[in-house]
Amino acid sequence: QQKVQQSPESLTVSEGAMASLNCTFSDGTSNNFRWYRQHSAKGLEVLVSIFSDGEKEEGRFTAHLNRANLHVSLHIREPQPSDSAVYLCAVSRAGGSNAKLTFGKGTKLSVKS
Amino acid sequence: DPKIIQKPKYLVAVTGSEKILICEQYLGHNAMYWYRQSAKKPLEFMFSYSYQKLMDNQTASSRFQPQSSKKNHLDLQITALKPDDSATYFCASSQTGGAAEQFFGPGTRLTVL
Chain L
1 QQKVQQSPES LTVSEGAMAS LNCTFSDGTS NNFRWYRQHS AKGLEVLVSI
51 FSDGEKEEGR FTAHLNRANL HVSLHIREPQ PSDSAVYLCA VSRAGGSNAK
101 LTFGKGTKLS VKS
Chain R
1 DPKIIQKPKY LVAVTGSEKI LICEQYLGHN AMYWYRQSAK KPLEFMFSYS
51 YQKLMDNQTA SSRFQPQSSK KNHLDLQITA LKPDDSATYF CASSQTGGAA
101 EQFFGPGTRL TVL
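Line by line, the protein sequences give chains L and R.
Okay, so the first sequence: first residue is 1 according to the working numbering, each after it adds one.
Okay, so the second sequence: first residue is 1 according to the working numbering, each after it adds one.
Excised from the complex, chain L in its bound form (with noise of 0.2 Å):
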């Protein structure tokens, strides 16, 4: 059964400076990486989807897929106080009808002016 993890638990950084967030997965056949953001008492924001190794951009959000490492991870450049909220790594197997998303715990950002 697939288990995502992710790491700090809870981060806080100044305005402008990089955020990095961690996410690692157990299945290695793996093949869909998505970081969500959700604010307090709301629904989830789709920031940045990844399907392969490397690096993908949406615009101040930055993915890198590293399969080989199970670790796929999300740096946001230059926060902003509204950027404060709940990240989430969501990965899934896609094959055919198969879309479960297996969600990991969530890193709480807060970002200081």
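Because the hints were derived from the structure by calculation, they are not lab data.
Since this is a predicted model, take the numbers as computed values, not measurements.
Please note: incorrect hints may appear among the correct ones.
Claimed, not checked - DSBU-like cross-link-like pairs, simulated, lysine-lysine; straight-line CA separation at most 35 Å:
| hint | chain 1 | residue 1 | chain 2 | residue 2 |
| --- | --- | --- | --- | --- |
| 1 | R | Lys71 | L | Lys56 |
| 2 | R | Lys82 | R | Lys3 |
| 3 | L | Lys112 | R | Lys71 |
Using the hints provided, position chain R relative to the given structure of chain L.
Chain R alone, transformed into the frame defined by chain L:
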């Protein structure tokens, strides 16, 4: 306008009762999902439907029954409610196919007393 509507936003129920959580999506998607997020666990996949047919069920209890009366509706009926059922329930939708992006609704927060 919200593209995925979940009703109600908050719900309080007594142990042993039955409730129905409503989900409607206006994204033209053919696949819909339910996920649950409780205080102690990460966001967990419950069900997936494609073209109104059940594709995957990861919920051990038969007390949870999805109901799809229309292509863009996937309600969740929960019977014999228990305090452990207290959680936020998220509906999501996507185009069919395992790699498609899943978009999440705002959630229904259920509290069982």
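Right, here's what the structure says about each hint:
1. R:Lys71 to L:Lys56: holds, 33 Å
2. R:Lys82 to R:Lys3: Given that 35 Å is the threshold and the Cα spacing comes to 31 Å, the pair holds.
3. L:Lys112 to R:Lys71: At roughly 45 Å apart (the allowed maximum being 35 Å), Lys71 (chain R) and Lys112 (chain L) break the hint.
Hint 3 alone, counting from the list given before, is not met by this structure.
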